[in-house]
Amino acid sequence: MLGYGLGLLGLLFIGFIVVVAGWVILTYNGLVTLRNQLENAWSQIDVQLKRRYDLIPNLVEAVKDYMEYEQDVLTKVTEARAQAVSAQGPAEQAQADNMLTRALRSLFAVVENYPELKANENVLKLQEELTSTENRISFSRQFYNDTVMRFNTRLQTFPTNVIAGMLGFAAREFFETGNDAEREPVKVDLR
Amino acid sequence: MESRGLYGEIKANRRRSWFLAAGIGLLLALLGATLGAVWGDPLTGLVTAWAVAVVFLTITWYGGAQMTLAASDARPADPERDRVLINIVDEMSLASGLPRPDIFVIDDTAPNAFATGRDPQHAAIAVTRGLYQKLDRDELQGVIAHELSHIRNHDIRYTTLVAVSVGAIALLADLALRHMWWGGGPRRARNTGAGAIMVVVALLVAILAPISARLLQAAVSRRRETLADLSGAEMTRYPEALARALEKIAGDPEVLEVANRATAPLYIVDPIKEFEKRARGLLRTHPPTEERVARLRSLVLPDRRPGPS
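Protein sequence lines, in the order shown, are assigned to chains A and B. For the first sequence, the positions run 1 to 191 when the working numbering is used. For the second sequence, the positions run 1001 to 1309 when the working numbering is used.
Be careful, since some hints might not be right.
To be verified - Mimicking DSS-like on lysine-lysine, the simulated pairs with C-alpha atoms at most 25 angstroms apart in a straight line are:
| hint | chain 1 | residue 1 | chain 2 | residue 2 |
| --- | --- | --- | --- | --- |
| 1 | A | K125 | A | K50 |
| 2 | A | K64 | A | K76 |
| 3 | B | K1134 | A | K118 |
| 4 | A | K125 | B | K1134 |
| 5 | A | K125 | A | K64 |
| 6 | A | K76 | A | K50 |
Simulated from the structure, these hints should not be mistaken for lab results.
The whole structure should be built from the sequences, with the hints applied where relevant.
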């Protein structure tokens, strides 16, 4: 009897251990997957920022002959780009990118005044690419923030919160531009 | 719509899909067994019905997307000419975290779009030239976000597989009805009372099975459309643009020539417009456009999207 009882208890205990271990493994793998998605989302932002830096020289090249009297606008764009490329650390980077967006916006505003530019196939193409890139930057940041929210929610809700800290996972911060006026994407409408 | 609620909805959707699959499997079994009983052996009938379905489904799993695209006269998007479309799909892929699907264009002036494929890694989006000429950039973004939501929610797989299963049921029922009509088959059975009852039951099943299958399909499809509207709006954070796009597509007088009964449920707005007018409630695969627009306009989305810095 006694032996049988111990056997049953033992079995229950082993079952309990197996269930807990399985849960820990599943939770750990789930969190790692989410964290990798986070890293990937973050690197997408960099890819899109770089795409923007690469497009700008082409745009400047395409418009500069038409815009003899607007040299300062072009200079501002080129300078802002150079600063953004060489920026160190996230804060400086964000600030430089803000400046670049503003500079581009004024460039597009100026382009509006030049009918030849508005009809130029090449300029139109570059504008579409830059518009799309601005969208990509903000959408990849949005996705990053969405993923941060899912990750943090997962970490902070029961039962994952019990072991997340022990497994070495910590909540992430949202990406903030720190500038509410810049929340709207650049609008370029040549129609 | 709050993000977690949306993910919850997606899970619920997955559960409903299993119910749908089980329902369709049962319908097939019932149809096969009843018809089998009339001609001899219920088990043979059941196995035949399932075998037909499995063959159909296997073909669809590997070739369904290509067949759908080919039937719709879709050709791959041109990197030069369709640049804006490709850019928008790229933007929305980033917003949703999905790999970029293959992009196709249908040369038709009626505005519409659909998504097809097996899973997010094997997915395609097709857009008519009319859509792209008649909508502005924001509206187009809304439509693409809706289609990408179908991909993310695995709707593309279920819609295609269910359409094929419903087709298989219709085909089997049709064959059986024809056979009974022309007096082939159960001569022996007809001479006994029980045999006569079996024939009546078989007739009823053959008539009712395809209808029930379509009702099931329509019910699940309507929910999926609604969910794709909501998660599409969450992707762009701009429900108004999708609402406007839906109004434009539904209000467009042109008829999409390449759409048919089989592909109609795939499109963002049901392209068979007369049907939409006649169909009341239950057989619709899409909720009424006004309802969808009103729901989108009532959304308040959290603005968690940081602008370009």
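A quick look at each hint next to the structure:
A distance of roughly 18 angstroms separates the Cα atoms of K125 of chain A and K50 of chain A; the hinted pair therefore holds under the 25 angstroms criterion. Taken as a hint, the K64 of chain A and K76 of chain A pair is honoured in the structure, with Cα atoms around 13 angstroms apart against an allowance of 25 angstroms. In summary, the hint linking K1134 of chain B to K118 of chain A is supported, as the alpha carbons are separated by about 21 angstroms, within the 25 angstroms threshold. Note on K125 of chain A and K1134 of chain B: the hinted pairing holds, with a Cα-Cα distance of about 20 angstroms set against a maximum of 25 angstroms.
With a CA separation close to 16 angstroms, the supplied pair K125 of chain A and K64 of chain A stays within the 25 angstroms bound. At roughly 18 angstroms between alpha-carbon atoms, K76 of chain A and K50 of chain A fall within 25 angstroms of each other, so this suggested pair holds.
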